[in-house]
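Engineer: Those sequence lines, one after another, are chains A and B.
Each residue of the first sequence is one higher than the one before, starting from 1371 at the first, in the numbering used here.
Each residue of the second sequence is one higher than the one before, starting from 1282 at the first, in the numbering used here.
No lab work stands behind these hints: they were computed from the structure.
It is possible that part of the hints are untrue.
To be verified - Distance ranges between label pairs, derived from CB positions:
(1) B/GLU1310 x A/SER1381: 58 to 64 Å
(2) B/CYS1380 x A/SER1380: 25 to 31 Å
(3) A/SER1456 x B/ASP1363: 43 to 49 Å
(4) A/PRO1549 x B/GLU1374: 28 to 34 Å
(5) A/LEU1601 x B/CYS1380: 48 to 54 Å
(6) B/SER1284 x A/MET1519: 38 to 44 Å
(7) A/ASP1611 x B/GLY1313: 41 to 47 Å
(8) A/SER1551 x B/THR1295: 34 to 40 Å
(9) B/ALA1405 x A/GLU1525: 32 to 38 Å
Ideal placement from N, C-alpha and C gives every residue a C-beta, glycine not left out.
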Amino acid sequence: MYQTTYHRPSSLSEATSLLASASEAKLLAGGQTLIPTMKQRLAAPSNLIDLGRLDELKGITVSGGTVTIGAGTTHYAVSTSADVKSAIPALAKLASGIGDPHVRYAGTIGGSVANDDPAADYPSAVLGLGATVVTNKREIAADDFFLGMFTTALEEDEIIVKFVFPVPTKAAYAKFANPASRYAMAGVFVAVTSGGVRVAVTGAGSNGVFRWADAERALAANFSASALDGLTVDSSELLSDIHGDAAYRANLVKVMGKRAVTAAG
Amino acid sequence: MASISMTVNGKSVTGTVEDRTLLVNFIRENVGLTGTHVGCDTSQCGACVVHVDGIAVKSCTMLAVQADGRSVTTIEGLASGDQLHPVQAAFREHHGLQCGFCTPGMIMAAVDMINRYGANLDEATIRHELEGNICRCTGYHNIVKAIQAAANEMAGLTQAAE
């Protein structure tokens, strides 16, 4: 790891001003991606701003048909929250499948979504449920947030504060995890929301998480796994790597989509 | 450089470290406790698992400065004098190790697992919960047996104390 200068702000406003003034700064949330990336020298921020002790970024509240989760809330906290399990069980289950127990104690929802790894789990829930991303500056709809692999609508001086998830009528997430890394080779989040059926796919797209429009239309007409039988996933926009080629992932997306629909019931 | 202080196994320690120093390196090189191992160094293997404020984390994936002011427990902090912690004793009794390299992380992960599940730990749960700890020798069977035995024994001790 290259040299860096560590900062530990004690409030969100202090973090915001540090981020605006420090050169080549990165925000450190749970560190489960950023620290390994810095160790590999793939990232070398001159300044590291630790959000880990900002209580104002943590916590889960349920009210008025929404679940609000602070950006600094760990995967462990989401996966074991009685409120999340009751309101959006699919979200708790997704969080329980990220990494391993030690990673889940440290990693946060805000860190995962801001990083927007194309194989991360959380982006599919944010997009699949049509959540709102609330930052220190504005509110961003999920449909406007994810702009491609490791690319989001976040500006340089913007910090995610919380996520507001609408409680769906039903939802489920099915993932085919890479046997070694546990990252999704294909993960499909299916939700029936007041705005209709939404299907978000992670792990497979070469531009990161995306909505599978054909599946949304088919499921709106007939919400059953068999509704996806006749669909073909276009492999031209899918990832090919040593773990599986685009055609393999195209099939995985369909299989995971059907599993998610079945699990949603 | 940063001046940090934390509690390690009940003792207060201080040190001056580079901001980029990992917690595992601070524990091994500054505090001199080498029971915590660096295996893969890529957050996969779990040989470096310690408890920070009571929860199990990978100390190769946390900066020492992040643990400033926290309470850290390492494998050296589990036993009471000559009396092994029940999980340590169970690993010995059930031959839950071969080369021993992964053992400190396995035991710290097991203690955390038992803290969360108590006596409700079944074999499938133990195997699932061990997904962040890799052993290259034993094939896990005896590790799983040891954790199961320790969970049962610790539940019995809790009941006996009540």
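Engineer: Which hint numbers does the structure go against, in order from smallest to largest?
Structural biologist: As far as the earlier hints go, 1, 2 and 9 are violated by this structure, in ascending order.
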